[in-house]
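Peer 1: Sequence:
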Amino acid sequence: MSLTQLSAIASLDEHGPMTPGGLAAKERVQPPSMTRVIASLAELELVARTPHPTDGRQIIVSLTDSGRALLADETSAREKWMTNQLAGLDEEQLNVLRRSVDIISGMVTNSE
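FYI, the numbering for the sequence shown is 32 to 143, going by our numbering.
Hints may be right or wrong, so weigh each one.
Label pairs and their calculated CB-CB ranges [unchecked claim]:
(1) Val127 - Thr81: 44 to 52 Å
(2) Leu120 - Ala70: 40 to 48 Å
(3) Pro82 - Ser33: 22 to 30 Å
(4) Arg130 - Ser93: 18 to 26 Å
(5) Ala103 - Ser71: 16 to 24 Å
The set of hints was computed from the structure by calculation and includes no laboratory data. Glycine included, every Cβ here is placed at the ideal spot set by N, Cα and C.
Starting from the given sequences, assemble the full structure and let the hints guide the process.
Peer 2: Right under this line is the structure:
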């Protein structure tokens, strides 16, 4: 599973079903790139493609139960990894990390 695929799955989980163009915009990639990502995820049965209810030229992409399960597993594995990494830090390192997170969060907020 590539980071691009996992990110697309996470966006669908967070924002719900959407068009490929909408997903490309959320992921900040070009639509042809997202079309390839969606095709690979559909082949793995992690997303479903259904006709748009009002625009016959469009499709709607949504997560399948398998896609949700994969995202939950990946999220859990990443959280366990991070917990183990943080457990090895001393108090000073944790304080530096907290300050860094605050700075990065501010940068992200200001860029949106």
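Peer 1: A separate judgement is required for each hint: does it hold in the structure or not?
Peer 2: Status of each hint after checking the structure:
{"no.": "1", "hint": "Val127 - Thr81: 44 to 52 Å", "result": "holds (48 Å)"}
{"no.": "2", "hint": "Leu120 - Ala70: 40 to 48 Å", "result": "holds (41 Å)"}
{"no.": "3", "hint": "Pro82 - Ser33: 22 to 30 Å", "result": "holds (27 Å)"}
{"no.": "4", "hint": "Arg130 - Ser93: 18 to 26 Å", "result": "violated (40 Å)"}
{"no.": "5", "hint": "Ala103 - Ser71: 16 to 24 Å", "result": "holds (20 Å)"}
Of the numbered hints listed earlier, the single one contradicted by the structure is hint 4.
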